[in-house]
Every structure is written in C-alpha cells, then in structure tokens.
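> One-letter residues, chain by chain:
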Amino acid sequence: MSRYVKKTSHKKGLPPGSLVFVGNEKQEKIRIRIFNYDEENLKEIEVNRIEEVFPFKEQKTTTWINVDGLHRTEVIESIGKHYDIHPLILEDILNTNQRPKMEETDNNLFIVLKMLDYDAEKNEINSEQVSFILVENCVISFQEREGDVFDHLRERLRQNVGKVRKMQADYLTYLFLDAVIDNYFVILEKLGDKIEDLEEKLIANPSKEMMEQIHNLKREIIFLRKSIWPLRDVINGLERSESPLIKKSTEIYLRDLYDHTIQVIDTVETFRDIVTGMMDLYLTSVSNRMNEVMKVLTIFAAIFIPLTFLAGVYGMNFKYMPELNWKFAYPIWWGISIIAGLLMLAFFKKKKWL
Amino acid sequence: MSRYVKKTSHKKGLPPGSLVFVGNEKQEKIRIRIFNYDEENLKEIEVNRIEEVFPFKEQKTTTWINVDGLHRTEVIESIGKHYDIHPLILEDILNTNQRPKMEETDNNLFIVLKMLDYDAEKNEINSEQVSFILVENCVISFQEREGDVFDHLRERLRQNVGKVRKMQADYLTYLFLDAVIDNYFVILEKLGDKIEDLEEKLIANPSKEMMEQIHNLKREIIFLRKSIWPLRDVINGLERSESPLIKKSTEIYLRDLYDHTIQVIDTVETFRDIVTGMMDLYLTSVSNRMNEVMKVLTIFAAIFIPLTFLAGVYGMNFKYMPELNWKFAYPIWWGISIIAGLLMLAFFKKKKWL
Amino acid sequence: MSRYVKKTSHKKGLPPGSLVFVGNEKQEKIRIRIFNYDEENLKEIEVNRIEEVFPFKEQKTTTWINVDGLHRTEVIESIGKHYDIHPLILEDILNTNQRPKMEETDNNLFIVLKMLDYDAEKNEINSEQVSFILVENCVISFQEREGDVFDHLRERLRQNVGKVRKMQADYLTYLFLDAVIDNYFVILEKLGDKIEDLEEKLIANPSKEMMEQIHNLKREIIFLRKSIWPLRDVINGLERSESPLIKKSTEIYLRDLYDHTIQVIDTVETFRDIVTGMMDLYLTSVSNRMNEVMKVLTIFAAIFIPLTFLAGVYGMNFKYMPELNWKFAYPIWWGISIIAGLLMLAFFKKKKWL
Amino acid sequence: MSRYVKKTSHKKGLPPGSLVFVGNEKQEKIRIRIFNYDEENLKEIEVNRIEEVFPFKEQKTTTWINVDGLHRTEVIESIGKHYDIHPLILEDILNTNQRPKMEETDNNLFIVLKMLDYDAEKNEINSEQVSFILVENCVISFQEREGDVFDHLRERLRQNVGKVRKMQADYLTYLFLDAVIDNYFVILEKLGDKIEDLEEKLIANPSKEMMEQIHNLKREIIFLRKSIWPLRDVINGLERSESPLIKKSTEIYLRDLYDHTIQVIDTVETFRDIVTGMMDLYLTSVSNRMNEVMKVLTIFAAIFIPLTFLAGVYGMNFKYMPELNWKFAYPIWWGISIIAGLLMLAFFKKKKWL
Amino acid sequence: MSRYVKKTSHKKGLPPGSLVFVGNEKQEKIRIRIFNYDEENLKEIEVNRIEEVFPFKEQKTTTWINVDGLHRTEVIESIGKHYDIHPLILEDILNTNQRPKMEETDNNLFIVLKMLDYDAEKNEINSEQVSFILVENCVISFQEREGDVFDHLRERLRQNVGKVRKMQADYLTYLFLDAVIDNYFVILEKLGDKIEDLEEKLIANPSKEMMEQIHNLKREIIFLRKSIWPLRDVINGLERSESPLIKKSTEIYLRDLYDHTIQVIDTVETFRDIVTGMMDLYLTSVSNRMNEVMKVLTIFAAIFIPLTFLAGVYGMNFKYMPELNWKFAYPIWWGISIIAGLLMLAFFKKKKWL
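Residue numbers (the numbering used here), protein chains in the order written: chain U, 1 to 354; chain R, 1 to 354; chain A, 1 to 354; chain B, 1 to 354; chain H, 1 to 354.
Quick caveat, the hints were computed from the structure, so don't treat them as lab data. Computed from a predicted model, the values in this text were never measured in an experiment. Warning: the hint list may mix true and false statements.
Some chain A residues well away from chain R (every beta-carbon gap over 10 angstroms; in silico) [stated by the list, open to error]:
| id | residue |
| --- | --- |
| 1 | Gly13 |
| 2 | Glu25 |
| 3 | Met210 |
| 4 | Pro244 |
| 5 | Ile336 |
| 6 | Leu342 |
Per label pair, the in silico range of CB-to-CB distance [said to hold, decoys possible]:
| id | chain 1 | residue 1 | chain 2 | residue 2 | range |
| --- | --- | --- | --- | --- | --- |
| 7 | U | Lys247 | R | Asn288 | 56 to 62 angstroms |
| 8 | B | Lys208 | R | Thr276 | 28 to 34 angstroms |
| 9 | H | Ser249 | B | Val47 | 30 to 36 angstroms |
| 10 | A | Lys12 | B | Val47 | 26 to 32 angstroms |
| 11 | A | Glu196 | R | Lys351 | 44 to 50 angstroms |
| 12 | U | Asn288 | A | Pro322 | 48 to 54 angstroms |
| 13 | R | Lys351 | B | Trp334 | 40 to 46 angstroms |
| 14 | H | Glu58 | B | His10 | 40 to 46 angstroms |
| 15 | A | Glu196 | R | Arg145 | 19 to 25 angstroms |
| 16 | R | Asn288 | U | Lys327 | 51 to 57 angstroms |
| 17 | R | Arg145 | A | Ile203 | 27 to 33 angstroms |
| 18 | R | Thr276 | B | Ser249 | 51 to 57 angstroms |
| 19 | U | Lys327 | H | Ala340 | 29 to 35 angstroms |
| 20 | H | Ile339 | U | Lys327 | 29 to 35 angstroms |
Positions of the beta carbon are idealized from the N, C-alpha and C atoms, including for glycine.
Just chain U, with the same shape it has in the complex (with noise of 0.2 angstroms):
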C-alpha cells in the first residue's frame, strides 16, 4: 500500500457521513474497555457488546471508554448515535487518513491525533491514528489497535496518583494527548541519535549507500512534519475554545502542552535543517572523492606517458641513430627517465596533489 496516501476510492461516490473504515485492518476482534471513576472509586470492565457502556452516561462519575479497532462500523454508528455524534465527526474516526484535527460542536469537542511508534526492527516510524470524543463526564477514545502510550495514565488512575482522580474528563483528555505528545519526544530523540550516527559516518568515510539513508530520513522528517504541523493548531484551538466542556483549571495544561508541541515541531525543523546540510556535505564528499580518484590518474599519466615516448624514441629502427651506438647511452636514458619522473612529481608536490 502507498505509504504516502491512503486507498480512499472504495468510498468515492458514497454519501457524506456514510461510515466506512478507511485504513488496514490491524487487529481482529474489536476491544472496549472501560474506566469509571471518581475520586473513591474506580470501577475497570470489558465489555463485548457496546450497548453495555450506555448506562455509565447518566452517572455523574467521569467514564473513559476505550475502542480498539476501527472495521466494525457498526460499534462506531452505535456510540454516534447514543451519544448524539454527527455522522461526519463518526466518518472521520473511520478515515484513518484523516489530518489531525479539533472540531468542536454544541454537545461534544472532537480531537483526532497520529500516535507514532518507533518499529526499532525496520527502522521505521509507524503512526496509528487516535480519536477522542469528549462530552459531559464522559471520553470515548478510538484507536486502530491494541498497544498504545496509555499504560502509564490507566496505572495513575487504578492507584489514584496525581490530581487524575480529583479532575473531570476534561484534564482526562488533556491527559492522553499529553501522553502523545511527551511519546513524540521519544520518537524525536531516537531520530536525532539516528541523524547524528549518520552524520559523524558520514564525516568519517562518505560511502555510497549514504544517500540513500540521508534520503530516507529526509522521508521519515517529512511524514513527521506531516502528522505534527497540524496539532499546533489544534491545541490552539482547544486552548482558546469557550466550550463549557473545558474547565478553567485546565487552561494552563493546555497552554502547557500547546510549549511542547511548539518544541516539537521546532526540533524537526532543526532536523530538517541538518539533514538538508548532511545532504550537501555528502554531494562535496563525492565530488572531493572524485578529485581524488583524477589526480590519480593524471600523476600515473604524466610520469609514465612521457617516459614511454621516451622510450619509444629509441626502439625506433632508423638506420642512422648516433645515440644507439654510444656507450653510455642506456645508462644516460634511465638518468634522463629518472629525472624527469623527479621533476613531474615534484610538481605535482608544488601543487599539493600529493
């Protein structure tokens, strides 16, 4: 599958908001798994079937309900029509080529993410996209799979660390995209270690499979920059948002995390920066190389192209060649050869070639 855009064209010519799953199917079974809380209790189940959560909504407790797995459309149109989704916000969870996003409408604030994951094996930057949908007392989270950058906040909320326990689900949501946002960090430091292995190699002994990794680099910053420029705006947007479903307390987290998606999308901006420069040092690289493998030439070329016609001279069959007969005259052409071979590489030394 392309990597650079999705296969949309099965949904070409269906109606807006028809909810159809846009992406690869990445697990089999679709999981929900459900926090209730408040700051005493804690209740966590799994449920099978969706309409199992619905009751949670007229509690005053804070709910968190968890999807994973986005091909069974009919759990989302269940949720959507439970909690009053517009059908449009439903289709754009099912995209998963969606552009990251905030849409904020009377009832509920819409927020859908890239979560990036690192595949050490392939060297490769994988991203899931990650939907929440915030309304009264309640997140609905969807991901594409299992395996998320969660597990840290589902432990604080079972042994009630931190203020998690004590906010609304308002803190709740800047909770997971913080929890985003800190893991682009990670994803951020394992990228700049790979950029500077490269660039000292490359400092050291340029080779030729070089350009293929600075080009794929080059690919990876730009998918990145790709997933991240968007959330500038829309932490922005919540953080300026007057909906009644972010409390005040909640507005410097938010500005908080609106600092630290700034220094992301600065930091692959440097990246961008120094990789663009690796690219150059490589190219002179070659073309020094190339220099070198010239001068080479042109040292053997000059000291023995000479001396060869030299000798040539006198392989020639003239009857009449004083020099042949002379007595000396072998000893004297390998002085005059030696010589001259002398004189070429001395210039090549005044000219800095050796």
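Following the hints, put chains R, A, B and H in place on chain U, whose structure we already have.
The following block gives chains R, A, B and H in isolation, referenced to the frame of chain U:
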C-alpha cells in the same frame, strides 16, 4: 496548444462582460439535463432549448440544471438573463482559463472549480472547468464536456439515498463540491503510486530517462497546485459567507469540506518535497556513476601504463644494454611486471576502489 | 542604459516635488488627444496647447485627456495646477522608474502602472509607464510615447459599443486598467510558448546555448514579477477605496479585475517554478553528457592500453625469449588479444556502458 | 575589524544607558554646525562648545543642529540633558552598530538610519550611521564623520529654494530622510551597472575570478538588505505616528518616502535574484568547460591509442610474422591507420563533439 | 549525549507537574545566594537551606535569590510551595530542554532563556538554561551551574552604580535579560570572526577540511537560531504584558531590549546567508580544481600520445620501410615531433588552458 496558458488573445479589446468561449471545443452538441425534485417526487428530463427549463424557477422544488458544453454562448446568455446573473460571471463561466474562485452577489452564489481526471493512457492529469451558480431553489452547473464525477450523485438522487432529497439546493451544491474534491484524492492516490514506483526504480537502478520523468512529475505537481491552492479560499469563503442561500445546517458540511481541501493541499506539498528529494537522489547517483567510470579508467591506466613503459624500455635498440643478454632477463622482467601490477591492485584495494 | 535601474542621479538634491523627467525620451513631440462624451454625443479632438483642454472641466460630460510623451514638464505642471494635483504626484508621473501604485487624495485618484509590450524582433518584453489621474468627470492619462493598448477602447467609445458611454469616468478608468491587464495575458501567452519551445528542445537535445536562454527567460520573469506583483495591492486598494470618485456599480468590475491580477501573478509564479525546473534538467543533461564522454574514453583506454602492453612485451629485445621463435606465436598472440578485447567489451556491456 | 558585527564587548557589563562610543573614530575633532531659520531670516554658525547652542531652544524659529563625530560622549550627554532625551536613546546614537529604527517618546522622535556611500576605489559600499532627534522647533542630527548627502539641502536652505524655509522641523526631518533614501538609488544604480557588467562578461567568457566577484556582490547585497529592510518599518511608523511633532501636511511626503523605500527594497530583491541566477550560470559554464576538456582528451586518446597499438603489433619481434615481409605491408599499414583515424573523427563529428 | 534533543524518555508516563530534572548534572552541590537591597542598604548572604530565604518575602526591600544547580528537586519544590508557583512552571525550570518562553500567571511572571557561552578550546557554543521567576519584590533565578553573565551586575548592586538600587524587581529582571542578550553579541562577534577567517582562507586556498568546518558553522548557526528566535516573542510578550509586576517606567527598557533581540536575530540570519554563500564558493572551487586537474592530464596526453604513436611507427619491423634507411630520417623525425608538440602547446595556449 500551450499547456500553461490558454489563448485568450482573440478576446483582447472586447468590452468586459462580452461572452466569448475561451478554451477547446470538446464536444459538438450542447446537452442540457434537468433534475427537479423534492422529498417525494423526482423528474429527470433532457431538454433541447434552454427556455424549456425556465418554468421550474417558479416551483418550490429544487432544480439542478446541468449544461455540458460551453461553446454556444447564446445558451449561457439566455440563462444569465433569466436568472439575473451579472455578465462578468457569465464571462467567467466561458473562460476555461479561470482560477478557482467564489463570487457572492445579492441573489446568487457563483463557484468555479477544476475537475481533474487521470488519463491512464497518456499518463497525464487532465483538467476540466466546472462552474456552479446557486440561486434560490436551483443549482445550475456548467461543464466543458459530458462525463463528470457526479454519476454517483445522480444515482443517489434517483434512489433517494441519504439526505440529499430532504435538503435544499445549498446541500446539493455542497455535494457537487464534495464529489469534485473526493475525486482529487483518487488523483493523488494515482500520483502517489507513480511517485513511489519511480522512487523505487531510482534507488534500484537510476537511468537517464528518469530525470525526464521526475521533471514531468514536477510539472504535474505544479499544475495540480495551481488548481488546488485557491480552493482553500473558495471553501473558506463559502463557510464564512453570510448569504441567505446557505443554510446553517450546511455549515458543518462545508467545514468538513474545508478539512478535506487542506488535506489535499497538504498531500500535494508533501509530494513536492518528495519529488525534490528524488531529484537530489538522481543527481547524486549520476555523480556516483561518474566516479565509478573514472575509477575503472584510472585502475586500467595506472596498472598498464607503467608496465607498457617497462616493455618499451627493453624494446630500445641501444647497442650496449647488458640486461638484454642475461639468461633470465625475460622471466625476471615478467616477475617484476606482475609484482608491480599486483602492488597497484593492492593500492586500489586499500583505497576501496575495488 | 541599465535595464535594472533607471538613472535618477541627475535628480539628486532637488527639492521634493521638482518636476524632472526620468527616463528615455521616446518621441519628439508631445501629443494631446481628448475624448469628450456623454451617452448622446462624442467629441474627439487633438489640441496643441494644454490650456485648450481646461474648459472641459466645467462640463458635466466625461472627458478623457491623453498625453503621449512626458519630456515637456511644463505641460504636466500646467495640468497639475489646473486640476489641483499635488506636486509629488506630478513628480511620480515623470519618474518612469515608478513602481505600480495607487494614491488617493481628497479630490483625485492617482494610479501608475506598467504597460508591457512584446518586441518580437529582439525577443524581449518592453515596458512603458502609464499613469492615470481620475478627477470629477475626467480621466487624464500619461504615456511615455504614442502607441498603446487602448485602440479597441477608443473604437468602442466612437461606436458607442457596450456600456462605456453610459457610465462615468470611474468606469472608463476601470476599462483602461482592464485593457492593460488583459494585455498581460497576451504577453504571458507568448512567454508560455517560448518556455514550452525551450523545454521541448531541452529534452530532445540540450545544447550549450540553452543555459543562456534559460537565464534570459529567468531574467524576463524576474522583470515581469517586479512589474506585476504590486498590482495586487493597487487593484485591491481601488476596490476597497471609499473615495466618492468610485461609484458602487463599478466595484464588481474592480473585483473581477482583481481576480485577473491574481491569475496573472499565479501564472508568473508557475513560470518561475517551471524555469527553475528547466535549469535542473539542463544541469543534469550536462552531467549525463559528461558521463557519456567519460565512458567512451574509458572503453577505448581499457581495451587498447592492455593490448598495447601485450604488443610491447613482444617488441622487447631480450636475447632469450622462447615465445619469439615459436611457430604459431604470432597468431596465438592475435587470438589472445582479440579475446582480451572481447572480454573487455563484454564487461562494459554488463555494466551497461554500451 | 569584522565587517559583519562591530565589537561591542568593551561595553559588556555596563549599566543600560551608559554612554560609550561603539565604532571606529573616523575624525579627530567634533564639529557642530547650526542652521537657525524662519521664512525671512537664516543664521548659519559653527560653535565650539555645545552649550552655545542651547539658547536657540527658546526661539520660535526652526533650528538644525548637526554634530559630526561621536567619540566625545560628553557632548552627546550635554545635549541629552538639555533637550531631555532618554539615556537609552543617547546610547543608541553612540552605538554605530544600530539597526535602522524609529523611537517615539513624549517630547521627541528619534530616528536612526544608515547613510551609504560608494567607495569607487575599493569598489565597496561603505555605511555611516546617522541619527536624528526631532524636538519642538529643532532637529538634531548626529553623524560619524563630516561629509554627507545633505549639501544640496544646505544650499536650498541658504537660497530659500522650495518650501523648506516655509515649513517646520518635521518637514526638515523628512528632507533629511529623503536625501538619505534618494542616495540609495545612486548606490543601486552603481550596483546595477556592476551586476550588468559582470553578467555580460560571464556570458562572453566566464573566468575563475568571477566566482569571487559574484560572491562579493552577494555579500554586498546581503549587507545592503540588512541596512534597508528595517527602513520599511521606520518610515511606516513615522507615517502612522500620532505624535504632535509631525504635522498633517507632512504626511503625504512621508507616504511618498514610503513608496521610495519599497522601491529600494524591491530593487535589492531583484538584484538578489539576478545574482543567484548568475551563480547558476557560472556553475554551468564550469561544467560545460569541463565537458569540453574531457572531449579533447577523449578525442586524442580514442584516435591515437588504437593506432599506437597497431604500430606496437608490427614492432613485435616474432620470428614468424608473414606481414613483415610483404612488399606493400608498410603503405597498407598507413592506409589502415589513416582510415581508422578518419573513422574515429567521423564518429566524433556524429556525436557533435567536434 | 545527543546534541539535538535531550533525553526525556525517563520522564515518560509521569503525571504532569512531576518534578524531574532533565539534563546533565553539571555540579555536585546546589548553591543558593541572596541579595537583599533597597536604595540605602544591601545584604549579600549565602544560605544552606532554602527555608532561610523565606523570611525575606515579608520585607519591602527587593530580594534576588539565585539558585545554581537544578538536580535537587526538593529545593525547587520548596520554593514553589512557598511562593505559590504552579507545578507546571517548576517542571519547566527543571527541564533544561526548554524552549525560551514567557509565562504570566496571576501572581508571578516566569521567563526561561538560554545563556550562551563560547568554549574557546572546543571551538563550540555551549548553552545553559536560566529561568527567572518574578514575584512581588523578589526575583528568583535558576541556573544549571555556577558561573554566569551576571557578575558585572552583582558588582553594580554592591557599589550602588546606576539606577539598579533605586528601582524594583522588574528592573532587576530586565537587567538579567539585558545581560544575557548583551552576551549574545559577544558570541556573535566571535562567530563573525570565525566566519570571516574561514571566508578568507576559502578564497585564498580552499582545502578539503573546509567543507566540514562550513558544515559545523552551519550547525552552530542552526543551534543559535533555535535558542534565539523564540526570544522575540518572549521580550515582545513582556513589553505588552499588563501584569502589575511590570512597572510603566521599565517599558522603555524592554522596548530597547526588543530592538537588541531583533538585531541579534538579524545578525544570525545574515550569518546564515553568508555561510550558504560560502558553501557555494567551496563547491565551485572544487569544480574549478577538478577542471585544472583535467587540463593537466589532457595537455600531457594530447602532446605525448601522438608522439608515442610516431615513435611506434618507426619501431615497426616491416622489411620494406624506405624511411628507415634515409640518412636524415632520424633528425627529421625529431623535427616533426618537436613541431607537433609545439603546435599542441600553441593550441592549448589559445584555449587559455596554459
């Protein structure tokens, strides 16, 4: 005909608002088709004279008038007069050199876009201009030729699928725009495949023809950008328009459309970055290949030129050359030559040229 | 004279508002032509002294005063005094080094533009400065020399074609601007053809002279940009102007003009991108050609240098060289040589150099 | 001294507002000249002690105090005290490393600019910092050394030419700025000539030294940009300033000045584009020349290396070489050699290398 | 440790506001120094326990608390509790990976900056994070290690030089920022010298190592930009802040500081342009040198290869070669060879290769 600018010189000097068709006549006959519908009923007819359409204006049902072919300017003029459309707008409909734009007047809303089409044979993106005029209860669409991306939409109208028959003309306009922009994703998918193909080939085995292909890709992308960038302002303008022709319920759809537009633009920009990177990759591969050629030359020259000199020496005809008479001079000479050759090879091995 | 900056040094040190002509005197005599019209009547006269024009000021009809030739500064001064125009504006009219701009004062509106002209012989774009002053009931236009893009307009005035005779001076001004900008499309058409021609040649058979042509194209485009970019602000300023000199009915025309301006700018930018791409294409073709030259050299050298060595070996005069006396030594030698040569050819075939 | 940054390290650690001269002492003595005038009278005097100037403050006439030389900081300090100027502004006057800026306080307006000067001998642009303080009825100007672009202005003051004696201190300030900016055009003219000269030479016969010249031009332009870009904000700030020190009648002059500034910036940008284009042109010419060198080498090698081989063949000493004894072997050999050589030439002609 | 991103992975998963030190522990012990002063008195003490500092809070005098070393998080925590500072801000102080920023809360103002330092030995710019918290009557500064740019400032406090003892905590904060930014000029001076040095060497005699140096300069500048660009917003934010902690009298100082910041940014941008230009210069010099190498090779080959051929001809052993027996054949041969050689030299002279 020039691909970059369409000939408009025959229009020079005419008063503004003069109706002159600018473009290629892409079909012989003009074709006018009408859909007239409300939630219960649907009439689908094809008319020969545009005047047959006008009675629909008085009805409360929604009407879609579709005109294929722009070269008979009197049809456009007649519509203009009947629906009270400014001559400058009619002029824009006829000038297929138009930049995507949105124009709002008191009683109508004018939108002009590029509908793209991938010509698999020529491996080229074609563009067709399509204009929409939204008036009270009616949308009039103008295309350069038959064949468009609205067939699914026609089917939905006929089958009463989705909300389309329940909504008004503004929603229908949105559906047109959505179909056009959805189709961009299909084009981008194909372009993305093409880029990825070329990229793989480029890394495996860069050949001389690839530069031309990269250049063509780049031109294709420049061309796409020119068609797509202005869309941002068009859709944004629609969304923020305070025209009574656009109902509040349609706004969320337009916002969704705007997100799609940004996504299209984003992808085109990513493609641009990637194609630029491919150019660098190609140039480096050319340099690397040159390096290799030079190395082969240098290795041959550096090994055989000194040996030829050595052979030349003993081809000289000096009377007094003691070595010539030595018994083992010849095998010794071979020994020296072979050792010299091996030393050179070792030297090149050390330099990593072999 | 420098193409990039016009000499203004002779003006240095004069008080602001000093009327000094900056530019090349392009014709000997100044020519003053007047159109005076309303819907029913039209008077077209040519005057010798500018003072003959002034009585028209009192009339309710619309007057167009056209001045060809700027070197007789007293004429400009006299107009300035009579129509109460600020000396700084008069100075701008005379300085043909002006950047397109719009200046609004209490009783008049001043616009200065570049009128372009394609010199087919020299294959060059020429530019002429044209200024307009819009006062109540009157437009005064100043040109560097006779010959302009307004002939169609004059004809329309004489024949009473279109709305021109029904409208006021502001519409006439719009028509002037429209004629100038319409003419840009003609220039762009020619430039587009030139670019496409060069592009085709470049792909078919890149030659050394093309770089110069690409460089000239680039300069032409830089020059065009400098004349066209400021137009955006000029037309936008006019559209948003709240001057009573601009009637509300003219606004839609100005908006249309603005769209045209954006389209011109868009096309110039596209040209820039394409010409940059052509430069890359050319550079790659130079590199590819060098590669080819190197390959030819390497193939010749690699085949014949070893063979020459082999020939040299048996040209040596050692007394004891058994091969020399073998009966079939000579044909065997040829056999070895030919096989060695064919092996080299096979090697280059494998490397795809042949 | 570094051209890019002036040494300010000796200032490090002093409290803000400390008066320390940063720059090169360009003349020994400070010179203070005064023009005091109204429409009827003009007094022009030169004083030794700055205190002699202060009585003018009380008068209703306009005073221009010009200080040449900044190294005697006590003079600046005394002026500062008498005219009630903030120490930070005095510090800025003394720091010749200043960026052009405009500072507005309650009772004065401070402007600092770069006055450029073309040193024909060194072929370099020099810059001198000039500051203006506009207070009620008085302008104080500070220059690094004697010699400026205001001589014409002095003459106009003396001769009562133009409006200068009729207007107030704000108009005088405008005239100063106008003189400085007018002088930029002179500099740009010279730079434009230099660019055009180099461009012509580059096309006719690119030599190795040109790269350095292009690099110097580029540096010159970078330097110019740094001095000129901020001017835009300075003049714009003045125009929009609501300070009572700037009369309404001066505004139109400032707007004109702003246009000039934009024109200067535009031209500098155009120069930048052209110089970048020249670099590409130069690089291509280097590549093309290399190509030519390679072709000469290849032609010689490809013609003579095979022929040398052929000669080598018949220089071999095999006992049984039938050709050696043929009667016409030698002329036949020459025939073959010449034909082979001509074939090679034809091959290169076909490849268009000759 | 990576230079581009500091490791933050050990922080992953902690709740927001967790106090974890991110960075290198640069000294063993934390050092806390206090200046407490008003116009008349000054107390300078060093404390062991942070709690000793707290009594100063109640006094009307101004207090500066300076903390060197960030690894003992309990100290930071204690300050945070006592001065009522948000945990997120404390977290930012401890994360030395911070981007320069300004944060305004109800009762305090938080600023974080990079303090730069030029390591003359390693020829590298080092950066240390410094944070300021401005509360009523008190500034608390946090540094990663001892040693800073505030020594002059301490001296001024002790000696009561300048206005510092007369002003409040906001002015003291300004003085800190001013000292940090003033120090940037020192860094830029050094970088400027380095650039100029390299530029001169590059023009005189470009060597292979220079590319690496240019690349390092570029990285240094990328690194500087990342530290300096955000400053613009920080200082601007301070200037426009409406916090009661910033007195009106300090505003003019902040405006001055803003100008300095812009100047620093301007200079960094100029450096970037110049270093980019140097890269081009270097690349051209590499190409030029290659050209020269090629010329030497070609001259040798073109002179001696034909001559070797000529010698080869008369080394052939054909029985019937009339020239061999001519009396003056040998000197004639030399004559022809020398003339041929001289003709080649003349040819290369004409081509300006010699």
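> Hints first: check each against the structure and report whether it holds.
Hints, verified against the model:
1. Gly13: 44 angstroms, holds
2. Glu25: Its Cβ never comes within 10 angstroms of chain R, the nearest being 29 angstroms, so this holds.
3. Met210: 14 angstroms, holds
4. Pro244: 22 angstroms, holds
5. Ile336: Non-interface label stands for A/Ile336: nearest chain R Cβ at 15 angstroms, farther than 10 angstroms.
6. Leu342: 16 angstroms, holds
7. U/Lys247 x R/Asn288: 56 to 62 angstroms: The hinted range 56 to 62 angstroms holds for U/Lys247 and R/Asn288, with Cβ atoms some 60 angstroms apart.
8. B/Lys208 x R/Thr276: 28 to 34 angstroms: 31 angstroms, holds
9. H/Ser249 x B/Val47: 30 to 36 angstroms: At roughly 34 angstroms between Cβ atoms, B/Val47 and H/Ser249 fall inside 30 to 36 angstroms, so the hint holds.
10. A/Lys12 x B/Val47: 26 to 32 angstroms: 29 angstroms, holds
11. A/Glu196 x R/Lys351: 44 to 50 angstroms: 47 angstroms, holds
12. U/Asn288 x A/Pro322: 48 to 54 angstroms: 49 angstroms, holds
13. R/Lys351 x B/Trp334: 40 to 46 angstroms: 42 angstroms, holds
14. H/Glu58 x B/His10: 40 to 46 angstroms: Roughly 42 angstroms apart at Cβ, these two residues keep to the hinted range, so it holds.
15. A/Glu196 x R/Arg145: 19 to 25 angstroms: Holds: the Cβ-Cβ distance is about 24 angstroms, inside 19 to 25 angstroms.
16. R/Asn288 x U/Lys327: 51 to 57 angstroms: 56 angstroms, holds
17. R/Arg145 x A/Ile203: 27 to 33 angstroms: At 30 angstroms between Cβs, range holds.
18. R/Thr276 x B/Ser249: 51 to 57 angstroms: 53 angstroms, holds
19. U/Lys327 x H/Ala340: 29 to 35 angstroms: Since the Cβ atoms of U/Lys327 and H/Ala340 sit about 31 angstroms apart, the hinted range of 29 to 35 angstroms holds.
20. H/Ile339 x U/Lys327: 29 to 35 angstroms: Given about 31 angstroms between the Cβ atoms, the range holds.
Against the hints set out earlier in the document, no violation occurs for any number.
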